[in-house]
Amino acid sequence: MLTFKTYNRKKTVIYSCVMVAMLVCLMFRLVYIMVYESEYLGRKADEIHERERYIKAARGDITDVNGNVIATNKTVCTISVIHSQIENPQKVIDLLSEKLSMDRTRVKELVEKVSVREKIKSNCPKSIGDEIREYNLSGVKVDEDYKRYYPYDDMASKVLGFTGADNQGIIGLEVQYEKYLKGKDGYLLTETDAGGIELENVAEKRVESVKGNTLRTGLDINIQMYAQQAAGKVYKMKKANYVSIIVMNVNNGEIKAMTNVPEYNLNSPYELTDEFMCEGEKEQDLLNRMWRNQCINDTYEPGSTFKVITATAGLETGAVKLSDTFSCPGYKMVEDRKIRCHKTTGHGSETFVQATMNSCNPVFIEVGLRVGVDRFYEYLGKLGILSKTGVDLPGEASVIIHKKENVGQVELATMSFGQSFQITPLQLLRAVSAVVNGGKLITPHFGVAVSDCEGKLIKQFDYKETGGVIRKETVDDMRYVLEKVVSEGGGKNAIVEGYNIGGKTATSQKLPRNSGKYISSFIGFAPASSPEVIAICIIDEPEGVYYGGTIAAPVIKELYENILPYMNIDKSY
Amino acid sequence: MTENRSKKRNKKKTVSFFDYNLLFIIIFLIGFGLVMLYSTSSYTAQMKFDNSTYYLKKQVIAYMIGFVAMFVLIYVDYHVWEKIALWIYIASLFSVLVVLTPLGVSFNGARRWINVGIGTVQPAEIVKLGLIIFLSFCIDRIGKGLRKTGVYLKLMLFILIAVGMIFLITSNLSSAIIIFGIGFVMLFVASPKYSHYIYTVLAGVLCGGLFLLMETFVLKSFRLSRFNVWLNPEGYAQSGGFQVLQALYAIGSGGILGKGLGNSIQKLGFVPEAQNDMIFTIICEELGLIGALAVIALFVFMIWRFMIIANNAPDLFGAMLVVGVLAHISLQVVLNIAVVTNTIPNTGVTLPLISYGGTSVLFIMCELGLVLSVSRRIRYEE
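If you read the protein sequences in the order shown, they are chains A and P. Residue 573 is where the first sequence ends in my numbering, and the numbering goes up by one at each step. Residue 1382 is where the second sequence ends in my numbering, and the numbering goes up by one at each step.
Hints listed in this document are in silico derivations from the structure and should not be mistaken for laboratory results. Here the structure is a predicted model, which is why all the values come from computation and not from measurement. There's no promise every hint is true.
Below are the EDC-like pairs computed for lysine to aspartate or glutamate, each with C-alpha atoms no more than 20 angstroms apart in a straight line [claimed, not checked]: (1) Lys113/A <-> Glu87/A; (2) Lys99/A <-> Glu87/A; (3) Lys5/A <-> Asp1315/P; (4) Lys239/A <-> Asp274/A; (5) Lys205/A <-> Glu191/A; (6) Lys44/A <-> Glu1234/P; (7) Lys10/A <-> Asp1315/P; (8) Lys1259/P <-> Asp193/A; (9) Lys91/A <-> Asp103/A; (10) Lys1259/P <-> Glu50/A; (11) Lys108/A <-> Glu87/A; (12) Lys236/A <-> Glu541/A; (13) Lys141/A <-> Glu112/A; (14) Lys1259/P <-> Glu198/A; (15) Lys141/A <-> Glu87/A; (16) Lys459/A <-> Glu178/A; (17) Lys239/A <-> Glu558/A; (18) Lys1048/P <-> Glu198/A; (19) Lys121/A <-> Asp94/A; (20) Lys1259/P <-> Glu47/A; (21) Lys404/A <-> Glu378/A; (22) Lys1259/P <-> Glu191/A; (23) Lys1048/P <-> Glu87/A; (24) Lys440/A <-> Glu378/A; (25) Lys464/A <-> Glu532/A; (26) Lys141/A <-> Asp94/A; (27) Lys74/A <-> Asp154/A; (28) Lys510/A <-> Glu541/A; (29) Lys74/A <-> Asp166/A; (30) Lys1048/P <-> Asp193/A; (31) Lys233/A <-> Glu543/A; (32) Lys1259/P <-> Asp46/A; (33) Lys404/A <-> Glu301/A; (34) Lys1259/P <-> Glu37/A; (35) Lys343/A <-> Glu488/A; (36) Lys99/A <-> Glu144/A; (37) Lys1259/P <-> Glu39/A; (38) Lys11/A <-> Asp1315/P.
Let's have the full structure, built from the sequences with the hints guiding it.
Written out as structure tokens, the structure is:
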């Protein structure tokens, strides 16, 4: 029998040593992977194990000036099913179709669909979600979620705007103040197996969500409601296209109310209101029209209310004095054009105060021409007509006006009584505010302050104010004249018992001039001697009587009758 | 008293020996392997079969049969096998052919198993044992004749028949490599020469290189991507790199001390079939670098015991049996750990005594029985 020779033994040792050497190399390889690459690989592994579930943050509230909540959140539920976890499909279908009052076949279809997770219904009321949860059926998931909720439905809808599916602001204040309102999402890190099933007994990392900040606006729900009511009434009565009202603190630009009737329900912004139910038009176009804020997004020819600006420019530049007398033959020749007064027989001889009360076009043409293009434009600039107001809402329209170098006598003449250019209602309101508040050009605004969800003040908004744009004498003259317009002139219908109101009416013909369509408006402030509040009412395409003094002034009168006492403005007499 | 005892010893002159060290390592590795198998497979077994001990039970049964086989082999004189070595070899090759019959069973698209009624058996494992016994028998007969190139090539032919059958019939490259390795190591140890083996290695390297080149530029086949995956597993995370990458994540996330027994997350379906080839990665993840190095150290110790037994074996046949088993186990350990650490391209090799696999368990227990049987014959003078 052969035996193991020395060379056999040697070779066995050689082979064994080679193998052991290889294993030692592999040990070093392991040290490299498990010590030097450990952190990187471990992190990579965690990435595939961890599932991040977002905890949606509640959006901040919006309140009115007194802290009444006008936009908040409501807890709603999303009902979904996880196909692989359903044990009793029949029971699930029965329960869901009953509780959610959904079509059985539709629910059956969704429940039987082979998918990881199938959403049955979202935005269910919390009560229904709770009921379904109590049945504790495996495979049925009820997730709570926040939905934006507007307690006053259609109040100031075009100002507030609404949010989209991910709770992000889409239009209005909701989008303007997105960065303050939006909360900080939290998240839940859980570990899962390769199939995505969450593991129990593994520590979860949980980062709570933070609710968004509260935005306090200058809106006052009472004033807003009065304004909306008044606008709604005339909207219906005059079968108007729309009626806008803005109420603003004349001294600091805080907007107390802004309405454009018809408003829409903020809790269902995608449902067209009756007014917009038109066949043959794209739904999206109709929705965009429904959401439009005419006070800011649209421009119009202001007409006679603009005479306030012309008069101010005239008084400021010394082109005219209150005592100056004029003669109105019913028209005025400018170059080769004959521009008519609204009273075709003419107002005859009148002082400037009387001409303003009469809203006499030829006189204002005369004043405008005396001021001249350069100085006229200078005052347009000073009173903020040539630039945007800077209001804190998206989509503010720009003024449409002749370039200064293209303005001849005719253009200047028409501009003097508010035609041949277009501005937004808010721009006019700002300009008139500057005239009557003592010469301070303010920035109209809604947002006042932002505080966190516990009420701690985070930020107080400052808005640009430019003082001294008008001399004090002119301010006094204008207050006097405009008070006269209401007490004795074309604005008589705006007289409020016990208060001195200043104001100016307007009746603008819409383009084209022969269309027979008008915009009636009235701008009024109170008290006339030291104004605190200013309001404008615009009635677009009223039917029947269309004079601003007849239909728009009473709207402001009614509004002021309600809000002046509410605002604790003392009666003058 | 003392006189009596020394007299007795002098009379016998030699004492019988049994390698309890090796037996201890074997039992320890099996116990450890079962714990790790349960830890690794319980979650997926629960998900797949609704029975967390599905894999564990089958493995325990395999070990029970394996222990019986091992103890029978320990107490049977191993020279018995010398007499029927040729038949064992032929029978093992025959088992490979059975795969082609309707008894053949496919898993995951590879036809590598045969159905024996109570379960499936992988012929590649049978061939490993058959080849070890047959080559030991041949070497014992030929002795120094192995010096001649002709004889060397003749024996090499026997090895290549087995290798070829496994590779072509069961298309199992990794088993073919292991079988070739076993045969090559046995011939290397048996022969007084070095040149044959150096040439063979060179030829092997050359063939392998040509094979790879051909695949890379002509066939553009599956092994091409395997090669690319090896170089850059993260670039192929969605295709071939998935398994390797998950293995690396498991090993890496273990760190020095590991996550603790049972706390692996990678075993929850991330590392595919973790209880098979990839079980070492879960050991790394749960027991950390310390545990992984300890396991390797146990195998080093085992290799050392094999070497001692081989070098003290009473005859060439016994020694060669031990060398064959040494080659088998050491090659699989090295290849397995090299694969899971992405040191070499991925090829499916199980970790002996720890990975799940009934046939592998049974036949490795038989091989260890042979080794212990050889150790029992060692006589040393007092």
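Checked hints:
| no. | hint | result |
| --- | --- | --- |
| 1 | Lys113/A <-> Glu87/A | holds, 14 angstroms |
| 2 | Lys99/A <-> Glu87/A | holds, 19 angstroms |
| 3 | Lys5/A <-> Asp1315/P | holds, 9 angstroms |
| 4 | Lys239/A <-> Asp274/A | holds, 14 angstroms |
| 5 | Lys205/A <-> Glu191/A | holds, 10 angstroms |
| 6 | Lys44/A <-> Glu1234/P | holds, 11 angstroms |
| 7 | Lys10/A <-> Asp1315/P | holds, 16 angstroms |
| 8 | Lys1259/P <-> Asp193/A | holds, 16 angstroms |
| 9 | Lys91/A <-> Asp103/A | holds, 15 angstroms |
| 10 | Lys1259/P <-> Glu50/A | holds, 16 angstroms |
| 11 | Lys108/A <-> Glu87/A | holds, 14 angstroms |
| 12 | Lys236/A <-> Glu541/A | holds, 12 angstroms |
| 13 | Lys141/A <-> Glu112/A | holds, 15 angstroms |
| 14 | Lys1259/P <-> Glu198/A | holds, 19 angstroms |
| 15 | Lys141/A <-> Glu87/A | holds, 13 angstroms |
| 16 | Lys459/A <-> Glu178/A | holds, 14 angstroms |
| 17 | Lys239/A <-> Glu558/A | holds, 19 angstroms |
| 18 | Lys1048/P <-> Glu198/A | holds, 17 angstroms |
| 19 | Lys121/A <-> Asp94/A | holds, 15 angstroms |
| 20 | Lys1259/P <-> Glu47/A | holds, 17 angstroms |
| 21 | Lys404/A <-> Glu378/A | holds, 10 angstroms |
| 22 | Lys1259/P <-> Glu191/A | holds, 15 angstroms |
| 23 | Lys1048/P <-> Glu87/A | holds, 18 angstroms |
| 24 | Lys440/A <-> Glu378/A | holds, 16 angstroms |
| 25 | Lys464/A <-> Glu532/A | holds, 19 angstroms |
| 26 | Lys141/A <-> Asp94/A | holds, 15 angstroms |
| 27 | Lys74/A <-> Asp154/A | holds, 17 angstroms |
| 28 | Lys510/A <-> Glu541/A | holds, 8 angstroms |
| 29 | Lys74/A <-> Asp166/A | holds, 14 angstroms |
| 30 | Lys1048/P <-> Asp193/A | holds, 13 angstroms |
| 31 | Lys233/A <-> Glu543/A | holds, 14 angstroms |
| 32 | Lys1259/P <-> Asp46/A | holds, 13 angstroms |
| 33 | Lys404/A <-> Glu301/A | holds, 18 angstroms |
| 34 | Lys1259/P <-> Glu37/A | holds, 16 angstroms |
| 35 | Lys343/A <-> Glu488/A | holds, 17 angstroms |
| 36 | Lys99/A <-> Glu144/A | holds, 16 angstroms |
| 37 | Lys1259/P <-> Glu39/A | holds, 13 angstroms |
| 38 | Lys11/A <-> Asp1315/P | holds, 16 angstroms |
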